[in-house]
Amino acid sequence: MKINRRDKLVKHFFGIWGVLDEYKRAEANRIAANAFIFLFWFELALIFLAMIVANVNLHLALYGMIGFNILGVIYGAVLYVILAGHRAGLDNIEVSANNVQAVKQFNRRRGFWLAIIYTLTYLVANAFLHWTTPRSFINNLIAWDNIMPAIISGGLYSWILTFLVNRRVKNADIDK
Amino acid sequence: MMNHVREFRTAQGMSQLALAQETGVARQTVNLIENDKYNPTLDLCLKLAWALHTDLDTLFWRDRHED
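In order, the protein sequences belong to chains L and B.
The numbering of the first sequence is the numbering used here, which starts it at 4 and goes up by one.
The numbering of the second sequence is the numbering used here, which starts it at 355 and goes up by one.
Don't read these hints as lab results, they were simulated from the structure.
Any given hint could turn out to be false.
Restraint ranges, calculated between C-beta atoms of paired labels, are given here [said to hold, decoys possible]:
{"hint": "1", "chain 1": "B", "residue 1": "D409", "chain 2": "L", "residue 2": "G158", "range": "51 to 61 Å"}
{"hint": "2", "chain 1": "B", "residue 1": "L410", "chain 2": "L", "residue 2": "D10", "range": "21 to 31 Å"}
{"hint": "3", "chain 1": "B", "residue 1": "G378", "chain 2": "L", "residue 2": "R138", "range": "53 to 63 Å"}
{"hint": "4", "chain 1": "L", "residue 1": "L82", "chain 2": "B", "residue 2": "G378", "range": "27 to 37 Å"}
No residue lacks a Cβ here, since even glycine has one placed at the ideal position from N, Cα and C.
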């Protein structure tokens, strides 16, 4: 069955695996509507508050607006979408019984490569960000105090992601 | 919505996955319908009835006193 670009986007946004059927579509619509209502009132209150604060301190109003926007979107809307989607079972990865272990193994392998990519990106980005320090870019790249946090964060990021994805893998052959 | 999908499916020796594939939905959706946790649309009700070789009345109808 051919799916259009909008459906692809919906599936990607809600982490939907497999067919986007009427139940998943209805749940995605409900969750998105709730998130939109929250964001609408949140933004309205924030703008009103920023208008009041701007009379006293313009910088505080600006930084407050940016900061609370990020907080509201990430910890409010995005977190709600992830949790509500998980509760509705939208992110389940259902595979047949004899494929469960193979899929988990595949995810672990993918997690390993993800860890390497993350570590290297972190290392290069960190070396760039320390551009202004007396150490050169190359010296920053091979500095132990840059390599160590890159390896730790890469490993941790990959482990958490692999753990979360593997938890979503369910056996489709068991009738509940 | 109370229904007889599970009875008809098991009587025909069908798994939830097989029924889901035949009706074009996820296995999870069939599971939710069987456990009265999701009300399917009329279109899906018809597909379920066709797949289980029965009709809507038999699969979904209930009398008032059954509430």
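Unmet hints by their number, sorted upward, for this structure
The structure conflicts with no hint, since it agrees with every one listed earlier.
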